[in-house]
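Trainee: Sequence lines, in order, name chains Z and D.
Sequential numbering of the first sequence, starting at 4, is according to the working numbering.
Sequential numbering of the second sequence, starting at 9, is according to the working numbering.
Where hints are given, some of them may not hold.
Here are a few chain Z residues that face chain D, going by a calculated C-beta distance under 7 Å [stated by the list, open to error]:
| # | residue |
| --- | --- |
| 1 | L46 |
| 2 | A91 |
| 3 | G106 |
| 4 | F110 |
| 5 | E112 |
Covered, in the sense of this in silico footprint (three residues per stretch, anywhere, with C-beta under 8 Å from a C-beta of chain Z), are these stretches of chain D [claimed, not checked]:
| # | region |
| --- | --- |
| 6 | 21 to 29 |
| 7 | 64 to 76 |
Derived by calculation from the structure, the hints in this document are not laboratory data.
Ideal placement from N, C-alpha and C gives every residue a C-beta, glycine not left out.
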Amino acid sequence: DAGVIQSPRHEVTEMGQEVTLRCKPISGHNSLFWYRQTMMRGLELLIYFNNNVPIDDSGMPEDRFSAKMPNASFSTLKIQPSEPRDSAVYFCASSPTSGRAAGELFFGEGSRLTVL
Amino acid sequence: RKEVEQDPGPFNVPEGATVAFNCTYSNSASQSFFWYRQDCRKEPKLLMSVYSSGNEDGRFTAQLNRASQYISLLIRDSKLSDSATYLCAVNGFGNEKLTFGTGTRLTIIP
Numbered sequence: 004d005a006g007v008i009q010s011p012r013h014e015v016t017e018m019g020q021e022v023t024l025r026c027k028p029i030s031g032h033n034s035l036f037w038y039r040q041t042m043m044r045g046l047e048l049l050i051y052f053n054n055n056v057p058i059d060d061s062g063m064p065e066d067r068f069s070a071k072m073p074n075a076s077f078s079t080l081k082i083q084p085s086e087p088r089d090s091a092v093y094f095c096a097s098s099p100t101s102g103r104a105a106g107e108l109f110f111g112e113g114s115r116l117t118v119l
Numbered sequence: 009r010k011e012v013e014q015d016p017g018p019f020n021v022p023e024g025a026t027v028a029f030n031c032t033y034s035n036s037a038s039q040s041f042f043w044y045r046q047d048c049r050k051e052p053k054l055l056m057s058v059y060s061s062g063n064e065d066g067r068f069t070a071q072l073n074r075a076s077q078y079i080s081l082l083i084r085d086s087k088l089s090d091s092a093t094y095l096c097a098v099n100g101f102g103n104e105k106l107t108f109g110t111g112t113r114l115t116i117i118p
């Protein structure tokens, strides 16, 4: 079975440019999470969705960040305009809400963003 | 106080030794606890869930101490392949939101 699929794996962009990160969760998983990981701050939850509805976006740093989940198989995280301090690895994760693996997060391989 | 705290290490441990990590959490209503393993430049992967009664999986033992609000991970007979960063994760009551510690870096030395 395919795991969580993220794209792009790597992105280098210049300050001020728009960045869009994409995620396809595992089929059948009801919850989707966007995390950001840096050396200084570790893994931080940005936002999560349940059944495509945003539940908690308190971790979104500021208005430059937005996330959508138009359907059960796709989500985007957009940064506009990007800044050097946004450089990090962005992970998408999905989770089933029932069954043996309920609550377990399955992570994608991450999108490594560098903003120059 | 951070919601979830871990000693960042690094822990440099000889092969075959036993090593233990602790992770403290601040929300006494937390219900679910996990240990994840993250290899360098890879994504975190679930190592084991932590149950109230404690649980064991081969060389790995996880325990929960609700009174003192910490979870622990014990690795016996450590292998070179155990070298990784170990992240604890905790969620709140009735809440899917998982908060991670910053991780403990473990290096097993031949």
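Trainee: Please go over all the hints and tell whether each is borne out by the structure.
Mentor: Each hint, compared with the structure:
no. : hint     : verdict
1   : L46      : 4 Å, holds
2   : A91      : 13 Å, violated
3   : G106     : 5 Å, holds
4   : F110     : 4 Å, holds
5   : E112     : 5 Å, holds
6   : 21 to 29 : violated (count 0)
7   : 64 to 76 : violated (count 0)
The earlier numbered hints that this structure contradicts are 2, 6, 7.
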